[in-house]
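Student: Going down the list, the protein sequences come from chains V and F. End of the first sequence = 243 in our numbering, gap-free, step of one. End of the second sequence = 245 in our numbering, gap-free, step of one.
Since the hints were derived computationally from the structure, they do not count as laboratory data. Just so you know, even glycine gets a beta-carbon here, dropped at the ideal spot from N, CA and C. Misleading hints may appear alongside valid ones.
[As the list claims (entries may be wrong)] Here are some, though not all, of the chain F residues that point toward chain V, as calculated from beta-carbon distances under 8 Å:
1) E22
2) K23
3) V26
4) S114
5) Q116
6) D118
7) E121
8) M123
9) I125
[Unchecked claim] Derived lysine-lysine pairs resembling DSBU-like cross-links, with alpha carbons at most 35 Å apart:
10) K199/V / K18/V
11) K9/F / K78/V
12) K157/V / K20/F
13) K20/F / K72/V
14) K28/V / K221/V
15) K15/F / K111/V
16) K213/V / K9/F
17) K157/V / K15/F
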Amino acid sequence: MIELIDVRKSFDGVEVLKGISTKFETGKVNLVIGSSGHGKSVMMKCMVGLLNPSSGNVFYDDRDFTNLEYSKLREVRKEIGMLFQGTALFDSLTVEENVEFTLNMFTDMTKAERRDRVDFCLEQVDMAGINSKFPAEISGGMKKRVGIARAIALDIKYLFCDEPNSGLDPVTSRLIDELLKQITEEFNITTIINTHDMKTVFDIGDDVIFIHKGSNEWSGKVKDIKGSGNEMLTNFIKASFFD
Amino acid sequence: MSFFYHFGKYLLFLKGMFSKPEKLSVYIDRTITEMNNIGVGSLAIVVIIAVFQGAVTTLQIAYQLISPLIAKPVIGSIVSDSSMLELAPTITCLVLAGKVGSHIASEIGTMRVSEQIDALEVMGINSSGYLVLPKIVAGLLMIPLLVVISIFLSNLGGIIAGEASGILTSEEYLQGARESFLPYNLFFALVKAFTYAFIITSVSAFQGYTTNGGALEVGASSTKAVVYSAVAILFSDYLLAQLML
Ligand SMILES: Nc1ncnc2c1ncn2[C@@H]1O[C@H](COP(=O)(O)OP(=O)(O)O)[C@@H](O)[C@H]1O
Ligand SMILES: [Mg+2]
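Pulled out of the complex, with its shape left as it was, chain V reads as follows:
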């Protein structure tokens, strides 16, 4: 479980996150929705430590991530996997080396053990057999899958995905969505997905938080989202569909 308590973030005096408090449950697909530019990515970066919140706290199962000493911080980081919007695969390394990266860096596994683990992770994302390809040689959807495989290489507890469907066709988007749900349930991890794709929300979402202008405008279960009675949220959902 991850908990945010009154997290704020300003850039040059402009407050982008205006005090967000929320909880993300283990074993669930937690969705963060909202229009572009309203602070979803900044919130995620504050959670994983790529940005320091101006104030507030982020707890990973009762560990105060914002105030941990360096060695403890590293321990938490090993439990975090992240899928970046542009995948951020290391383009000088092969698919195998990308997935193997954290295993090589943080474990004492032998070469054979690492290979097995890489193959296992690639199978999980349905990408077995492309070990020796470079990121530039595979499609956008494949890159996302390899990005997921890299994120789950260590036994992670928390998985972050920033707009996993961006730049993908609708069919591939649904496959990635399903994959993320399946991984969340199979490994019982806390998954947090930033998205503005309402199809994702209704297909795989458990809990939802709606970020509007840097504030937690609404949060609740997916099934309650249509009857939320929140004007901003209703408008946001309406804008996503043609009917």
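Add chain F with the ligands to chain V, keeping to what the hints say.
Tutor: Okay, now just chain F with the ligands, sitting in the frame of chain V:
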């Protein structure tokens, strides 16, 4: 003011590289790869520059010293001394600032704008240590070696030009070079080479690491890396000459 701000950031960047390595063997592997990139990858250009620089210097010195009162070996001693003291280290490293520096800045800059550096940080890896330290160590090991090769080859170029133009024989050249050789001059050349190596790798890495934006900014960082390294090389060249000669 802006200069001090950026210089301060540069110093903090250098300090940030040092933390306990996640795994030493990975760092050693990376250093060896970079030694290959920087050293072997630059050998051809260094060879060409050194030979021509020695040859041209010989012709030019001969042209300036037309007096029959001056013994021929003097040309050899002037060429070999100026190659060792200034031309080989400085010209070689200015060219390396262009070749190695722009490569380092664009490589790291691309990793920054495509969030690969963020990916390293999220994994719990000290990204500047992982990316930059092996490059600096490799530069410190390989660039002085390239400079030594350059000193040797510029003399070879001088000898070839002397013989080919009939200005002086190789015996005369070597006699002059030997008579004026001081071990201290070689030491001075190596001090320069180490200094320049550190400047090229660290300044370029800093430019790449602090890139902000997209592909256009990566290009701008790469240009800045070359310009700033070159200026810093020339400035430290003057400073070292003042301090050590
Ligand atoms: N590093 C930064 N410096 C300054 N402003 C930023 C930075 N990152 C994001 N912002 C601003 O914060 C706001 C929220 O951005 P973001 O979280 O990326 O939105 P999104 O919900 O689309 O992910 C935007 O107005 C953006 O311009
Ligand atoms: Mg975003």
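Student: Each hint should be assessed against the structure and marked as holding or not.
Tutor: We went through each hint and held it up to the structure:
At its closest, the beta carbon of E22/F sits 5 Å from a beta carbon of chain V; the interface hint therefore holds under the 8 Å criterion. Annotation: interface hint on K23/F holds; nearest CB of chain V at approximately 6 Å, less than 8 Å. The restraint placing V26/F at the interface with chain V holds, with a minimum CB-CB distance near 6 Å, inside the 8 Å limit. Using the Cβ-Cβ criterion of 8 Å, the hint placing S114/F at the interface with chain V is satisfied: the shortest such distance is roughly 6 Å.
Contact between Q116/F and chain V, as hinted, is supported at the beta carbon level, the nearest pair being about 5 Å apart and thus within 8 Å. The closest approach between the C-beta of D118/F and any C-beta of chain V is roughly 5 Å, which is under the 8 Å cut-off, so the hint is satisfied. At a threshold of 8 Å, the smallest CB-CB gap from E121/F to chain V is about 6 Å, leaving the interface hint in force. At about 5 Å, the closest approach between the beta carbon of M123/F and any beta carbon in chain V falls short of 8 Å, and the interface hint on this residue holds.
Because the closest C-beta pair between I125/F and chain V is about 6 Å apart, less than 8 Å, the hint holds. A threshold of 35 Å between alpha carbons decides the hint, and for K199/V with K18/V the separation of about 27 Å falls inside it, so the pair holds. Proximity of K9/F to K78/V is assessed by CA-CA distance (about 28 Å); at most 35 Å being required, the pair is judged to hold. Among the hinted pairs, K157/V with K20/F is consistent with the structure: their alpha-carbon atoms are about 25 Å apart, no more than 35 Å.
Under the criterion of a C-alpha separation no larger than 35 Å, the hint pairing K20/F with K72/V is consistent with the structure, at around 14 Å. Between K28/V and K221/V, the direct Cα distance comes to roughly 11 Å. Compliance with the 35 Å bound is thereby established for this hinted pair. Distance hint between K15/F and K111/V is fulfilled; the C-alpha atoms sit about 33 Å from each other, no more than 35 Å. A distance of roughly 32 Å separates the Cα atoms of K213/V and K9/F; the hinted pair therefore holds under the 35 Å criterion.
For the hint linking K157/V to K15/F, the alpha-carbon distance of about 32 Å falls within 35 Å, and the restraint holds.
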